[in-house]
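A.B. asks: Chains as they are written, first to last, in our numbering: chain G, 215 to 463; chain Z, 215 to 463.
Rather than coming from a laboratory, the hints here were simulated on the basis of the structure.
Treat the hints loosely; a few may be bogus.
[Claimed, not checked] Short derived list, chain Z residues pointing at chain G, Cβ under 8 Å:
no., residue
1, W251
2, K369
3, Y370
4, I374
5, G382
6, E386
7, V389
8, S398
9, A402
10, L404
11, W442
12, L446
13, A449
14, L453
15, P454
16, D463
For glycine and all other residues, C-beta sits at the position ideal for the given N, C-alpha and C.
There are 2 protein chains.
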Amino acid sequence: MTYCVALALDAGIVCMSDTRTNAGVDNISTFRKMHTWEEPGERALVLMTAGNLATTQAVVSLLEERMKAPEDRDPSILRAPSMFQVARIVGDTLKEVIVDQAGQDGGPGADAFGATLIVAGQIGGGPMRMFLVYPEGNFIEASDDTPFFQIGETKYGRPILVRALEAGMSFENAVKLLMVSFDSTIKANLSVDAPLDVQILPRDALALGKSWRIEANDPYFRQLSESWGAALKQAFYSLPDFDLDAIPD
Amino acid sequence: MTYCVALALDAGIVCMSDTRTNAGVDNISTFRKMHTWEEPGERALVLMTAGNLATTQAVVSLLEERMKAPEDRDPSILRAPSMFQVARIVGDTLKEVIVDQAGQDGGPGADAFGATLIVAGQIGGGPMRMFLVYPEGNFIEASDDTPFFQIGETKYGRPILVRALEAGMSFENAVKLLMVSFDSTIKANLSVDAPLDVQILPRDALALGKSWRIEANDPYFRQLSESWGAALKQAFYSLPDFDLDAIPD
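Using the sequences plus the hints, can you model the full thing?
C.D. replies: Shown next as structure tokens:
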């Protein structure tokens with residue numbers, strides 16, 4: 215499995231992805247699931263992937279091949295005039311790869327080749343946008359009502375996002391929130407694990423912001439994990455007491 | 215879907231279950247998923263169910279029919295000499311119902327008829343025990359290492375259980391913890407909803423303890439839900455700050 219999240223903030227977009235892939239619990243590996251491209255001053259793009267690794271690697275390879283020879287291999291996400299067109303190219307490429315594996319009519323194994331992607335970025339003259347791309351090649355866009363996307367093993371880390379995410383957050387707090395969401399997931403599920411990749415996309419910068427990798431033994435991440443356990447317990451014990459005596463026998 | 219949890223504490227066992235069943239989002243109903251039996255001074259049993267409603271209702275009906283005429287319809291969970299034998303009867307009955315629907319060799323629809331159960335209780339002379347029964351009829355027992363079982367939509371509510379559950383908790387705090395775990399799940403997933411059923415099984419009482427239903431508009435549950443949102447945010451902001459400036463450009 216996998217866990218990737220993108221948060222849309224007033225200040226920009228913050229993406230985090232884990233790096234664990236597995237085919238059964240006895241066959242685990244580390245692969246990067248976050249891919250970025252930029253033409254500074256013109257566009258900055260982030261792609262995160264969940265699902266069949268052969269499918270997602272093929273999608274990234276196809277997108278990159280088409281970038282390198284855009285004259286004869288259009289369309290390229292580095293030439294597309296808008297984020298909407300970028301999402302269409304990514305969706306079409308994903309669908310193409312899955313159909314190539316599973317056949318046009320899907321067939322019984324189609325789900326096995328499936329993948330889900332998050333595409334985020336900004337192109338000069340246009341707004342910052344963020345899309346969730348389905349295996350069928352279609353996609354939805356994040357809005358103020360739902361300012362985040364998750365793919366992969368999404369459930370464990372969702373409650374804290376639902377409760378604590380605010381559009382006005384600083385990048386620092388957004389990274390902290392993502393680390394807590396990832397920590398809850400890693401604690402509960404073997405198929406998600408560090409190292410974690412982080413990418414910041416500042417709004418209107420039209421360039422990639424800071425990016426780095428958080429290793430499992432990262433001192434801040436470990437401290438956060440421990441503090442979060444203690445803070446959660448404290449939060450729990452700060453709740454109003456339940457009165458069992460008020461319940462009749 | 216469904217969400218049911220049983221916590222094993224030093225003081226006894228606390229069970230909570232939701233009541234929402236659905237066949238698609240346009241066909242939702244309220245059904246009790248918690249079933250209890252007792253012979254005061256001799257035994258107290260709780261069964262919680264998740265999965266195909268026709269299967270779980272058939273299991274409960276069969277268990278009850280066999281109780282009513284134990285002379286000619288052994289085995290009965292009211293006669294079984296130990297909790298292990300109770301779990302075996304429940305497992306065999308579950309398997310019998312699923313095989314009856316799906317055929318001996320399973321077949322493609324077998325998963326659709328599946329169900330998972332939690333059986334908890336105590337029988338005079340024996341220890342308090344708690345089992346998770348699989349659709350195949352086999353089962354596992356809770357231990358000090360894993361002192362809780364969840365069935366149904368288990369992921370959203372798991373992180374808080376992993377972090378905050380302690381065997382030495384009072385029943386009051388255990389109920390509060392379960393309410394928080396259910397609240398996180400209900401907030402994130404339409405297929406789980408109040409009213410919630412609660413049953414306490416005090417250790418060595420050999421009788422059912424307090425039981426009650428928490429309605430969606432229960433003042434304490436609503437207060438807890440609101441306080442938990444605020445407490446989580448406060449916990450989050452109490453965490454050590456992340457220093458983005460320390461990350462190189």
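A.B. asks: Give a verdict on every hint.
C.D. replies: Now the hints, each set against the structure:
{"no.": "1", "hint": "W251", "in the structure": "violated (18 Å)"}
{"no.": "2", "hint": "K369", "in the structure": "holds (3 Å)"}
{"no.": "3", "hint": "Y370", "in the structure": "holds (5 Å)"}
{"no.": "4", "hint": "I374", "in the structure": "holds (7 Å)"}
{"no.": "5", "hint": "G382", "in the structure": "violated (13 Å)"}
{"no.": "6", "hint": "E386", "in the structure": "holds (5 Å)"}
{"no.": "7", "hint": "V389", "in the structure": "holds (5 Å)"}
{"no.": "8", "hint": "S398", "in the structure": "holds (4 Å)"}
{"no.": "9", "hint": "A402", "in the structure": "holds (5 Å)"}
{"no.": "10", "hint": "L404", "in the structure": "violated (13 Å)"}
{"no.": "11", "hint": "W442", "in the structure": "holds (6 Å)"}
{"no.": "12", "hint": "L446", "in the structure": "holds (5 Å)"}
{"no.": "13", "hint": "A449", "in the structure": "holds (4 Å)"}
{"no.": "14", "hint": "L453", "in the structure": "holds (5 Å)"}
{"no.": "15", "hint": "P454", "in the structure": "holds (6 Å)"}
{"no.": "16", "hint": "D463", "in the structure": "holds (6 Å)"}
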